[in-house]
Amino acid sequence: MVRRFPLFAAWSDLSRERRKEAISGYLFISPWLIGFIVFFLIPIIASFILSFTQWNIVGTPTWVGLDNYRDILTTDTRFQKAVQVTLTYAAFYLPLEVLCGIGLALLMNQKLRGIGVFRTLYYMPYVVPSVAASLVWVWMLNGRYGVVNTVLTWFGVQGPNWLENPGYILPSLIMIALWGVGGSSIIYLAGLQNIPEVMYEAATVDGANRFQQFFRITLPLLSPTIFFQLVLGVIGVFQTFTPAFIASGANGGPLQSGLFYMLYVYNRGFVTLRMGYASALAWILTAFILVITLMVLRSSRYWVYYETDRSANK
Amino acid sequence: MAVTKSYEQPRPAARPMRLTPQQADTIEKVLGYASLIAVAIVLVLPLYWMLSTALKTPEQTFALPPEWIPNPIQWDNFAAVFREVPFGRFILNSFILVGLNIIGELFAVTLVAYGFARLRFPGRSILFLIMLSTLMIPYHVTLVPRFILFSRIGWINTYLPLFVPAFAGSSFLIFMVRQYMMSIPFDLDEAAYIDGATRFQTFWYIILPLSRPALMLVVVFTFVGVWNDFLQPLIYLNDPNLFTVSLGLSFFQDVRDTNWNLLMAGSLMASIPPLLLFFFAQRQLIGGISVEGLKG
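Protein chains in written order, with my numbering: chain L, 1 to 314; chain P, 315 to 610.
Just so you know, not all the hints are guaranteed correct.
[To be verified] A partial selection of chain P residues facing chain L, derived with a Cβ cut-off under 10 Å:
| id | residue |
| --- | --- |
| 1 | 428 |
| 2 | 471 |
| 3 | 544 |
[As the list claims (entries may be wrong)] So these bits of chain P aren't anywhere near chain L, every CB distance computed over 10 Å:
| id | residue |
| --- | --- |
| 4 | 460 |
| 5 | 500 |
| 6 | 505 |
For the record, the hints were derived by calculation from the structure and aren't laboratory data. Since the model is a prediction, treat every value here as computed from it, not as a measurement. Even glycine gets a Cβ: it sits at the ideal position worked out from N, Cα and C.
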């Protein structure tokens, strides 16, 4: 009977010694296991059930079936706005992040004296707390006193009133996020440094110029890193909260142009205390992130270059 | 972003050129430094502006056109931040939370990573996979139910929701330390067992000391993560006496919307601890990140 469960079967096959080892094993991982159940598994199941209820945290939840999902997907205009804002941001930010990330990494990968100083300088913004980073940018983007517009006037450009103007909120937030691009550049840099020097030497002997070398060697060999960063980037973009909260306000600023999805979840869940509705919103977002991540994964075989079998790498 | 050469070209003489190799090399270097410096100016400007505003009088702050160098230098702004808001309290609170989280992560991460790296038990690979998959699930799905859980047991407006989960270990850090422990030769464990050491002794006296570089990373990542966290303190804390630096700063913005010099002084002070930590730990940090970067 017991044999039907592989775990028990495996258990009964173990020697006395191995059983002792297994027990220690479970003890060693128990902090994580308990935490996983209490802080992850139970909440995630609770969240799923709650998404079918209406509940303002006091009183008892009322079962409403699929009403939350129906309302969100059909009549909720703020949901539509949040999706539109987040997707627009993602469409511009992610490619820019990859481009700037690689560009910065190429700069940092030069074999020049004092390069370490530049690496430090480039990475620094990434370590600045996001509240402080957002605040300094809000100040720099001030339409009247902001230094960004001052610099723009040197080039004869009359800068907009960035964060007060619905059309410029997203570009502002993209700028703020790109300031911290040094964080991903370091990972691209690691990718660059893993490319064997001999490849470039061979290419030079064969008469390949810089551009050919970049597009035929650097980019393909960097593609696994780009892929990894893109997956992280997708998840990160949909979780954007702090810069939007600080720069455009909890409600998303003028015309809600900065109403990021997470801001909306926060408003529903923790400002208006609609727990069921917020749970449904969170689940829709999760499903969405999963679909996008799977799409990136699926697409990877067309553009990600793996030198050897992936399983052999680990 | 300019595509700059990312490697040293061994013999430029291999191609026909009008410039001598030395000249070409000099031009490359000049261009390399020029682009490095240009980008550095853009990236450092916000930090400079933070510093410069932090040292200005209110009149200078709103001078038109903006003044680049504050004159006179208003050192008192930093003291004023502590007078205007309980900034000392915020800093202390952040350090308390950072400390508690570091203790929690070190405790859980080392034990769990050792379990996954060194001990064999049925279900190990499945559990490890489950742990990895939690990295892919966005944290916001658990945000609402966790809040409900913690409010039910009366943890709202306390630090408990902000540090107790650390004692379960973060999946990412466990993964990182486990990978590191995997690289320590098993012969060492074997030798310890032959000498009669228990599993815990092997863990404590052999594996743990050898994992010190990875544990440094746990400390750095936890410090920066907790210090910079905004959303969780925002959700769980209402009492201004409990506010962390990040949360306190954001309220400072609401209350004193126009005092940009003080706000920047506060932001600068909030940025100093993670920046300092980064300077001191940068070698391990960048080494550790490159290991992590390989996992794609």
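Going through the hints against the structure:
1. 428: This hint holds: residue 428 (chain P) lies near chain L, its Cβ roughly 6 Å from the closest one there, short of 10 Å.
2. 471: violated (13 Å)
3. 544: Cβ of residue 544 (chain P) sits 5 Å from chain L, so the hint holds.
4. 460: violated (5 Å)
5. 500: holds (13 Å)
6. 505: holds (17 Å)
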